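Number of protein chains: 2
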Amino acid sequence: MKKIAILGYGNIGKAAEEAIKAAPDMELTGIYHHNDCLDCIDADAMLICTPTREVQKFATVLAARGICTVDSFDIHGQIWSLRTALDPVCKTNQAVSIISAGWDPGSDSMVRAILMALAPKGLTYTNFGPGRSMGHTVAAKSKPGVKNALSMTIPLGTGIHRRMVYVELEEGADFKAVEAAILADDYFAHDETHVIPVESVDALNNVAHGVNLVRNGVSGETHNQRFEFNMTINNPALTGQVMVSCARAALRLKERGDFGAKTMIELAPIDLLPGTTEQLVKTLV
Amino acid sequence: MKKIAILGYGNIGKAAEEAIKAAPDMELTGIYHHNDCLDCIDADAMLICTPTREVQKFATVLAARGICTVDSFDIHGQIWSLRTALDPVCKTNQAVSIISAGWDPGSDSMVRAILMALAPKGLTYTNFGPGRSMGHTVAAKSKPGVKNALSMTIPLGTGIHRRMVYVELEEGADFKAVEAAILADDYFAHDETHVIPVESVDALNNVAHGVNLVRNGVSGETHNQRFEFNMTINNPALTGQVMVSCARAALRLKERGDFGAKTMIELAPIDLLPGTTEQLVKTLV
Numbered sequence: 001m002k003k004i005a006i007l008g009y010g011n012i013g014k015a016a017e018e019a020i021k022a023a024p025d026m027e028l029t030g031i032y033h034h035n036d037c038l039d040c041i042d043a044d045a046m047l048i049c050t051p052t053r054e055v056q057k058f059a060t061v062l063a064a065r066g067i068c069t070v071d072s073f074d075i076h077g078q079i080w081s082l083r084t085a086l087d088p089v090c091k092t093n094q095a096v097s098i099i100s101a102g103w104d105p106g107s108d109s110m111v112r113a114i115l116m117a118l119a120p121k122g123l124t125y126t127n128f129g130p131g132r133s134m135g136h137t138v139a140a141k142s143k144p145g146v147k148n149a150l151s152m153t154i155p156l157g158t159g160i161h162r163r164m165v166y167v168e169l170e171e172g173a174d175f176k177a178v179e180a181a182i183l184a185d186d187y188f189a190h191d192e193t194h195v196i197p198v199e200s201v202d203a204l205n206n207v208a209h210g211v212n213l214v215r216n217g218v219s220g221e222t223h224n225q226r227f228e229f230n231m232t233i234n235n236p237a238l239t240g241q242v243m244v245s246c247a248r249a250a251l252r253l254k255e256r257g258d259f260g261a262k263t264m265i266e267l268a269p270i271d272l273l274p275g276t277t278e279q280l281v282k283t284l285v
Numbered sequence: 001m002k003k004i005a006i007l008g009y010g011n012i013g014k015a016a017e018e019a020i021k022a023a024p025d026m027e028l029t030g031i032y033h034h035n036d037c038l039d040c041i042d043a044d045a046m047l048i049c050t051p052t053r054e055v056q057k058f059a060t061v062l063a064a065r066g067i068c069t070v071d072s073f074d075i076h077g078q079i080w081s082l083r084t085a086l087d088p089v090c091k092t093n094q095a096v097s098i099i100s101a102g103w104d105p106g107s108d109s110m111v112r113a114i115l116m117a118l119a120p121k122g123l124t125y126t127n128f129g130p131g132r133s134m135g136h137t138v139a140a141k142s143k144p145g146v147k148n149a150l151s152m153t154i155p156l157g158t159g160i161h162r163r164m165v166y167v168e169l170e171e172g173a174d175f176k177a178v179e180a181a182i183l184a185d186d187y188f189a190h191d192e193t194h195v196i197p198v199e200s201v202d203a204l205n206n207v208a209h210g211v212n213l214v215r216n217g218v219s220g221e222t223h224n225q226r227f228e229f230n231m232t233i234n235n236p237a238l239t240g241q242v243m244v245s246c247a248r249a250a251l252r253l254k255e256r257g258d259f260g261a262k263t264m265i266e267l268a269p270i271d272l273l274p275g276t277t278e279q280l281v282k283t284l285v
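As you go down the protein sequences, you meet chains A and B in turn.
Position 260, counted from 1, in the first sequence is what the numbering used here calls 260; the numbers after and before it change by one each time, with no gaps.
Position 118, counted from 1, in the second sequence is what the numbering used here calls 118; the numbers after and before it change by one each time, with no gaps.
There may be inaccurate statements among the hints.
Treat identical chains as interchangeable: a pair holds within one or across any two.
As the list claims (entries may be wrong) - The list that follows gives simulated cross-link-like pairs (lysine-lysine, BS3-like), each with its CA atoms no further than 30 Å apart:
1. Lys254 / Lys282
2. Lys2 / Lys57
3. Lys57 / Lys3
4. Lys14 / Lys254
5. Lys121 / Lys282
6. Lys254 / Lys91
7. Lys282 / Lys176
8. Lys176 / Lys21
9. Lys282 / Lys141
10. Lys141 / Lys3
11. Lys14 / Lys143
12. Lys14 / Lys57
13. Lys282 / Lys91
14. Lys21 / Lys282
15. Lys121 / Lys3
16. Lys254 / Lys143
17. Lys141 / Lys57
18. Lys121 / Lys147
19. Lys14 / Lys176
It is worth saying that the hints were derived from the structure and are not from the lab.
Note that this is a predicted model, so its numbers are computed, not measured.
Required output: the full structure, derived from the provided sequences and hints.
In structure tokens form, the structure reads like this:
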């Protein structure tokens with residue numbers, strides 16, 4: 001049994017706990033909070049379920065101690081820099097960090113890579129939602145004056161999205177200042193964003209989400225090769241599950257001496273799954 | 001530039017030729033026929049585009065000479081035994097063989113594995129077609145008395161299929177004997193199969209195919225996680241392209257000293273693609 005621990009116990013941490021308990025080859029050895037001491041962790045791998053912007057700090061500390069980590073860092077434009085920062089720490093300390101291990105970035109990235117291999121020329125559009133974006137919601141919540149927030153992602157087609165941000169203000173907070181802070185955040189600066197004040201965010205909350213990922217491309221010289229990947233899911237449950245599957249892959253890579261920081265497109269799907277190669281090839285191939 | 005050669009020049013061989021020519025990092029160094037001498041091949045990797053039942057013989061000969069191979073062996077029940085036979089030959093001779101590298105088995109297998117990692121409990125149904133099955137068509141053509149054949153796969157839902165086999169008989173051939181030979185073949189023995197005599201198979205031919213792969217499963221303790229993968233494609237064009245992408249992966253694995261026979265679920269998607277890790281992570285993750 002692999003020893004897995006959790007750092008951060010919000011929506012994703014709770015879902016990860018359930019996924020670890022459901023895994024036949026893992027045991028949960030601890031749940032840590034942001035400000036817990038991490039010196040005496042009894043775990044082969046740690047799932048970092050903190051807000052995205054705290055990931056690098058914790059992953060670096062843990063990798064430096066040879067503990068494998070998995071995170072779901074979700075700022076697409078900063079993933080390569082996170083990988084670059086963590087990779088040497090992992091290699092020096094014989095650890096593996098799987099970064100950006102959610103569904104997007106994460107399993108959608110694997111699908112995008114596979115579709116590119118199937119039809120190298122063409123366009124892929126990733127359309128999200130409608131659904132609650134956890135990363136955007138946390139970013140909105142972090143603004144001064146915001147008591148609670150919900151950021152909904154609305155697909156407008158061809159990979160273009162609208163952000164509908166519902167904010168419940170703290171008493172006396174200035175809505176215009178809150179709105180300006182949200183619109184200026186890098187999470188929102190690139191999309192059409194509407195900030196709407198509401199009485200109760202709790203009354204709106206629903207963690208359903210989805211994706212519609214389409215590619216129309218060319219295999220060799222043959223055009224009109226069409227691919228589509230759809231899902232409708234409970235968002236934290238899927239993210240927690242992906243992180244647990246990636247913890248398994250991290251430990252397999254470590255066993256093979258393949259240390260470093262990696263994204264999910266750098267993982268073989270078989271390494272995400274429990275069971276022997278023989279069982280999995282016979283069942284899935 | 002990686003040197004890639006082709007063995008077998010039917011539908012898939014021709015499509016593979018186009019995919020090699022379209023690849024930015026490969027050059028085509030030869031097209032060989034079944035009975036050509038393979039002693040003086042100038043290639044890093046060979047795409048074995050022969051009928052499935054000739055794959056093992058050629059892959060073994062080539063791997064024994066340290067040449068990487070890719071095939072699209074498509075008899076699901078015999079894939080593990082092919083892998084088991086080739087793996088030690090590859091390891092002894094520092095070669096990599098990617099087996100069953102088509103779309104099913106192949107890229108669909110990768111999707112099935114990923115969906116299993118996203119929702120470990122549940123059911124996946126792979127529904128094929130309607131479309132022309134190349135493996136089944138070749139099997140039907142191989143029967144005595146058959147001048148030409150076309151095997152269409154018709155999806156009946158929940159992974160159940162009907163095989164519609166259109167046969168053009170040689171002069172004087174006994175239809176009943178042909179029908180019996182087809183029905184007894186392991187390719188057809190497990191499905192509802194109808195054999196229909198026609199004047200001209202050529203008049204029916206169309207290499208379009210497709211898949212509808214669905215999973216409804218459980219992530220952690222959360223049910224009703226729904227996933228769907230669809231494609232409508234030119235079948236040999238996709239198969240040829242997948243083989244070319246897998247040749248790239250084979251040569252990357254060989255460079256890393258990771259020798260052996262592998263199926264596509266054992267490959268990281270990034271290894272299927274040209275470009276650097278940095279380019280691909282920045283583009284796809």
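Right, here's what the structure says about each hint:
1. In the homo-oligomer, the alpha carbons of Lys254 and Lys282 lie at most 30 Å apart both inside one protomer (25 Å) and across protomers (24 Å), since each shortest distance falls under that limit.
2. Proximity of Lys2 and Lys57 under a CA criterion of 30 Å is satisfied intra-copy only: 24 Å inside one chain copy versus 41 Å between copies.
3. Taking the shortest alpha-carbon separations for Lys57 and Lys3, only the intra-copy value of 22 Å comes in at or below 30 Å, while the best inter-copy value is 44 Å.
4. Taking CA atoms no more than 30 Å apart as the test, Lys14 paired with Lys254 passes inside one copy only; the shortest distance there is 26 Å, against 41 Å between copies.
5. For a Cα distance limit of 30 Å, the shortest separation of Lys121 from Lys282 across copies, 17 Å, qualifies, whereas the shortest one inside one copy, 32 Å, does not.
6. When the C-alpha separation of Lys254 and Lys91 is checked against a cutoff of 30 Å, the pair qualifies both within a copy, at 10 Å, and between copies, at 22 Å.
7. For the identical chains of this complex, Lys282 and Lys176 are neighbours neither inside a copy (59 Å) nor across copies (35 Å), given an alpha-carbon limit of 30 Å.
8. Taking the closest pair of Cα atoms, Lys176 and Lys21 never come within 30 Å of each other, the shortest separation being 45 Å inside a single copy and 57 Å across copies.
9. Taking identical chains as interchangeable, the C-alpha atoms of Lys282 and Lys141 lie at most 30 Å apart only when they sit on different chains, with a minimum of 28 Å there against 47 Å within one chain.
10. Taking CA atoms no more than 30 Å apart as the test, Lys141 paired with Lys3 passes in neither setting, with 33 Å inside one copy and 54 Å between copies.
11. Taking the shortest Cα distances, Lys14 and Lys143 sit within 30 Å of each other inside one copy (24 Å), while across copies they are farther apart (59 Å).
12. For a Cα distance limit of 30 Å, the shortest separation of Lys14 from Lys57 inside one copy, 21 Å, qualifies, whereas the shortest one across copies, 52 Å, does not.
13. When the C-alpha separation of Lys282 and Lys91 is checked against a cutoff of 30 Å, the pair qualifies only between copies, where the shortest distance is 21 Å, while the shortest distance within a copy is 34 Å.
14. Within a single copy, Lys21 and Lys282 get their C-alpha atoms as close as 26 Å, which meets the 30 Å cut-off; across copies the closest is 34 Å, which misses it.
15. Proximity of Lys121 to Lys3 under the C-alpha cut-off of 30 Å is restricted to the inter-copy arrangement: shortest distance 21 Å between copies versus 43 Å within a copy.
16. Taking CA atoms no more than 30 Å apart as the test, Lys254 paired with Lys143 passes in neither setting, with 39 Å inside one copy and 50 Å between copies.
17. In this assembly of identical chains, Lys141 and Lys57 lie within 30 Å of each other by CA distance solely inside one copy; the values are 21 Å within and 62 Å between copies.
18. Taking CA atoms no more than 30 Å apart as the test, Lys121 paired with Lys147 passes in neither setting, with 46 Å inside one copy and 37 Å between copies.
19. With identical chains, the CA atoms of Lys14 and Lys176 are never at most 30 Å apart, being 34 Å at best within one copy and 63 Å at best between copies.
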